[in-house]
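Peer 1: Chain residues, written in single-letter form:
2 protein chains.
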Amino acid sequence: MHSFTEENYLKIIYALSTRQNGEVTTNALAEMTATKAASVSDMLRKLADKQLIHYKKYQGVRLTAEGERQALRVIRRHRLWEVFLVQKLGFGWDQVHDIAEELEHIRSEELVSRLDTFLGSPQFDPHGDPIPTPAGTMPQIEYRKLSDVSVGEEVTIMGVLEHSPEFLQHLDRSGLTLGCAVKVSEISSFDKSVQVHLSSEKSLFVSCEVTRNLLVN
Amino acid sequence: MHSFTEENYLKIIYALSTRQNGEVTTNALAEMTATKAASVSDMLRKLADKQLIHYKKYQGVRLTAEGERQALRVIRRHRLWEVFLVQKLGFGWDQVHDIAEELEHIRSEELVSRLDTFLGSPQFDPHGDPIPTPAGTMPQIEYRKLSDVSVGEEVTIMGVLEHSPEFLQHLDRSGLTLGCAVKVSEISSFDKSVQVHLSSEKSLFVSCEVTRNLLVN
DNA sequence: CAAAAAATTTAGGCGCGTCTAAATTTAATA
DNA sequence: TATTAAATTTAGACGCGCCTAAATTTTTTG
Ligand SMILES: [Mn+2]
Ligand SMILES: [Mn+2]
Ligand SMILES: [Mn+2]
Ligand SMILES: [Mn+2]
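First to last, the protein sequences are chains A and B.
Position 153, counted from 1, in the first sequence is what the UniProt record's numbering calls 153; the numbers after and before it change by one each time, with no gaps.
Position 26, counted from 1, in the second sequence is what the UniProt record's numbering calls 26; the numbers after and before it change by one each time, with no gaps.
Incorrect hints may have been included.
[Claimed, not checked] Not everything, but these chain B residues come out facing chain A in the computed CB check (under 7 Å): (1) Gln51; (2) Ile99; (3) Glu102; (4) Leu111; (5) Val112; (6) Arg114; (7) Phe118; (8) Leu119.
In case anyone wonders, no lab produced these hints; they're calculated from the structure.
Glycine is no exception: its CB is placed at the ideal position from the N, C-alpha and C atoms.
Whole structure, please, built from the sequences with the hints as guidance.
Peer 2: Structure follows, in structure tokens:
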């Protein structure tokens with residue numbers, strides 16, 4: 001089986017290659033893994049030997065079909081554990097990422113399968129991200145960013161693009177939680193900030209840093 | 001903080017030193033950790049440097065107060081996770097040890113605390129072993145072995161001394177589960193096997209290999 | 001109690017995942 | 001396009017946890 005480190009690399013390569021498609025760069029991986037480019041090069045050679053990535057020196061890397069399957073297994077475990085932590089243990093959505101980062105490496109098919117059942121086979125994690133299927137495919141969901149919504153539209157908050165605790169706590173304080181209905185009443189031509197009305201009749205201004213990271217439908 | 005490996009050593013040293021008190025021997029540790037004596041020596045030097053064990057070369061080893069505290073933290077996590085796996089996910093008591101062996105190393109005070117609350121602050125794990133307190137002390141429980149019970153006595157099964165899946169499955173098949181009331185009706189003078197009556201009116205013979213590993217009160 | 005046996009530690013080495021410094025390749029620019 | 005700059009890989013090293021073989025200490029035994 002693969003080591004924790006290898007699993008982390010696969011997961012990160014998957015995330016980066018969907019974020020900006022095309023080959024994933026060594027430096028980008030070094031930043032995400034909080035290591036140095038030299039360390040990444042070593043690991044890429046190993047992953048290539050194991051046929052988990054396509055790798056031509058100096059040309060960046062891409063997951064093989066098998067590598068993507070493995071990455072999605074890790075992501076599935078991560079997101080299921082996040083659901084558990086929030087829904088069963090009462091953690092806030094801003095607290096669960098680091099813990100799930102460890103839990104995701106516990107390898108027991110039986111455990112994942114029973115956890116999934118226990119949670120009612122959820123489709124989305126606490127951040128609105130889709131949970132890969134047991135078969136190893138990622139459900140494709142199309143959301144718009146709140147920054148792309150026009151004045152007068154009413155939409156529902158479905159997910160976030162930024163997962164930092166700071167951002168999530170900011171949303172909590174603003175009352176912008178998942179499932180929340182918002183109506184765009186005004187868009188500032190000056191700084192692109194957006195005035196929204198919540199179902200609670202409250203209204204507030206949302207900066208474009210926030211609207212760019214909020215997914216709605 | 002301590003590595004997975006160090007945590008495993010502490011836990012095993014604790015287990016061995018309560019099983020047969022006095023210093024724990026290098027060879028015993030090598031067998032339990034499934035490594036070689038030379039590897040154990042290396043690790044003992046490291047644990048001694050960290051003040052987690054008392055260690056005089058060739059003289060065996062004993063946990064320091066801090067070492068015991070750390071060991072009990074790991075054991076607490078292990079047993080809480082076992083309760084979770086059995087009570088919430090529906091695993092059998094014979095299936096949970098290896099998974100808990102991984103889960104026990106996830107270090108988050110908050111996680112353990114919330115898990116404990118979620119489980120209703122259980123006092124015992126699925127094998128009847130007491131769960132150490134958050135403060136790091138092991139509840140001392142006095143049980144007798146079924147092999148020490150006299151004819152005519154009625155007792156309740158409270159725990160097991162042997163944790164192998166094979167033994168636990170054997171108990172399942174015999175109907176000897178935790179909390180089960182058994183009345184000793186006869187003890188064979190030939191092989192010390194014991195005839196017991198269950199509350200279900202069934203009776204069966206229990207070999208001395210089994211009675212020696214069943215705790216009752 | 002001296003010799004043999006058993007237990008334990010030390011010496012030297014290996015794979016993993018990491019690092020810094022140096023070499024190499026690719027991309028940018030004058 | 002020839003140089004310079006940036007990105008990437010290679011060389012050599014290190015700590016961790018493990019190994020085998022050899023040395024050392026303790027225990028057993030004739
Ligand atoms: Mn996460
Ligand atoms: Mn998430
Ligand atoms: Mn166990
Ligand atoms: Mn147990």
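Peer 1: Each hint needs a verdict: does it hold in this structure or not?
Peer 2: Cross-check of the supplied hints:
no., hint, verdict
1, Gln51, "violated, 26 Å"
2, Ile99, "holds, 5 Å"
3, Glu102, "holds, 5 Å"
4, Leu111, "holds, 6 Å"
5, Val112, "violated, 10 Å"
6, Arg114, "holds, 4 Å"
7, Phe118, "holds, 6 Å"
8, Leu119, "violated, 10 Å"
Going down the numbered hints, you'll see the structure goes against 1, 5 and 8, while the others check out.
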